[in-house]
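Participant: Sequence:
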Amino acid sequence: MKYAARIDMQQLDRFAEHLKSMPSGPSLNFYSFPGKEGKPIIASDMYPPIGHPKVPDFFGFLCMHQYGFWHDDGQRYTAPLYGTMNGRKDVKGSDLLNMACMRAFNKNDAIFVPYNLARLSDKEYKETIFADDNGTIPFRDIEERITMSREYGTHLDETYGDITTLLVASNNEGAQMCFPQERDHRFTQPRQPPLQYFLNAIGNVPGYNADKWQKKNLLLAMAMANRPERFLSAEPSDKHWAPIVDYHLMRLALRTGIVMIEPEHRENNIAKGFVTADVEEDVRMHVHAAFRTLIKRSGRTMAEIDNLFWSGRRYCPEDKPVNCEPCALNTVCAKDKELFQPVMRTTAY
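Start counting the sequence shown at 1; every next residue gets the next number (my numbering).
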C-alpha cells in the first residue's frame with residue numbers, strides 16, 4: 001500500500017524546540033486537576049479516593065473501556081458520545097465512562113474485582129456500570145463490551161486474582177531465575193523493570209491483548225504509576241514508556257502539521273469518512289513514530305507530552321470550533337483545522 005501519511009520533520013523540530021522552551025508541566029495524576037493558585041481540584045466524581053484498596057481494579061476496568069466514544073451513520077463519523085450524569089447533559093466520552101464507573105464503585109466498591117466481573121449478568125452491566133441518569137449508555141458495541149469484561153475478569157481471576165497482585169509482581173518479582181533451585185548464572189536472566197514486566201503481563205489479558213501499539217495498556221500503566229499511591233514503580237524516564245496514540249492525538253498531530261495526510265486521503269479525512277484498516281494503521285504508525293522522535297528531541301518525558309496534547313484536545317475538539325488562542329501550541333501549530341482523525345471502529349482507542 002502507498003503511504004497514507006508522512007512525518008514533517010521540519011515541523012517536528014519546530015515543536016521540539018518549542019517544547020524545550022516551555023516550563024515543565026504536570027502529568028495526569030488520575031485523581032485531581034490543577035486549580036487556581038495551584039490548589040488541586042479533587043475529581044471525586046471521576047476517580048476513587050487515595051488509599052482505597054480497590055483502586056487498581058477500578059482502573060483495570062476503566063482503562064479497558066477507554067475507546068469508541070462516538071457515533072456514525074455507517075459511512076462516516078457523526079458525533080461524539082454524550083450522556084447525562086448527575087443532571088449534567090453534556091458529559092462527554094471518557095468523562096462519561098469515568099463518572100459511570102465511579103457511580104458503580106460508590107454503590108459497590110468490589111464490583112470491578114475480576115471474580116465479580118466474570119459473573120455479573122448482562123442486566124447488571126447495563127444498569128449498574130454502563131449507565132447514566134437516563135439508563136444504559138448507547139455504546140454502539142455494548143454486547144461486545146460485556147463479553148470483553150467477562151473474559152478479562154475470568155483471565156485475571158485465574159492468573160493473578162486482581163490487578164493489585166499483578167502490580168506487586170511487577171514491582172517485586174520481575175523475571176526471576178528460570179530455575180530457582182539452581183545457582184549457576186547460566187540459568188538466570190536479567191530482572192525486568194516493573195513497567196516492562198507490567199506491560200508484558202497485561203498484554204496477555206483479554207481487553208488489553210489486541211493492540212500492538214498498547215494504547216490502553218500504557219494508559220493503565222500511567223494511571224498506576226502517576227496516582228498519588230504510586231502503585232507501579234516506573235520512573236517518567238523509563239525507556240519502556242511509549243506514546244499513547246488515540247484519536248485525539250492523531251487529530252492534533254494532523255492539525256498541527258507534525259504528521260501530514262497524503263492528498264488522496266485528505267477529502268475523506270475532512271468529511272470524517274470511514275477509512276480502511278491499512279490507512280488507519282499507516283496514520284497511527286506515523287503518529288507513533290513522530291511522537292517517539294518528539295520525546296527524544298525535546299527532552300520531555302512521554303507523560304509531559306501526553307498531558308500537553310491531551311489538554312490540547314479542549315481547544316481542538318472534534319465537534320466544536322477550534323479555539324487556538326489559549327492553546328500552548330498556538331505559535332508553532334500549522335492550524336490545518338479542517339483535518340480530522342482516521343475514522344474506524346476498533347477496541348484499541
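Check each hint, because a few of them may be wrong.
What the hints assert, rightly or not - Using C-beta positions, here's what the derived DEER-type ranges look like:
no. : residue 1 : residue 2 : range
1   : Glu124    : Asp90     : 33 to 43 Å
2   : Ile270    : Arg88     : 23 to 33 Å
3   : Glu127    : Arg88     : 36 to 46 Å
4   : Gly51     : Ala334    : 43 to 53 Å
5   : Arg76     : Asp122    : 29 to 39 Å
6   : Arg313    : Pro49     : 37 to 47 Å
7   : Arg292    : Lys89     : 31 to 41 Å
Unchecked claim - Calculated cross-link-like contacts (lysine-lysine; reagent style DSS-like; alpha-carbon spacing at most 27 Å):
no. : residue 1 : residue 2
8   : Lys337    : Lys272
9   : Lys89     : Lys296
10  : Lys320    : Lys296
11  : Lys337    : Lys126
12  : Lys296    : Lys272
13  : Lys54     : Lys36
14  : Lys39     : Lys123
15  : Lys123    : Lys212
16  : Lys2      : Lys54
17  : Lys239    : Lys212
18  : Lys20     : Lys296
19  : Lys320    : Lys89
20  : Lys36     : Lys89
21  : Lys272    : Lys36
22  : Lys20     : Lys2
23  : Lys239    : Lys272
24  : Lys272    : Lys92
25  : Lys239    : Lys2
26  : Lys92     : Lys296
27  : Lys212    : Lys335
28  : Lys20     : Lys272
29  : Lys20     : Lys89
Calculated directly from the structure, the hints in this document are not laboratory data. Given the structure is predicted, the values throughout are model-derived calculations rather than measurements. Glycine included, every Cβ here is placed at the ideal spot set by N, Cα and C.
Participant: Going through the earlier hints one by one, which of them does the structure break, listed in rising order?
Facilitator: 1, 3, 6, 9, 10, 11, 12, 13, 14, 15, 16, 21, 22, 23, 25, 26, 27, 28 and 29
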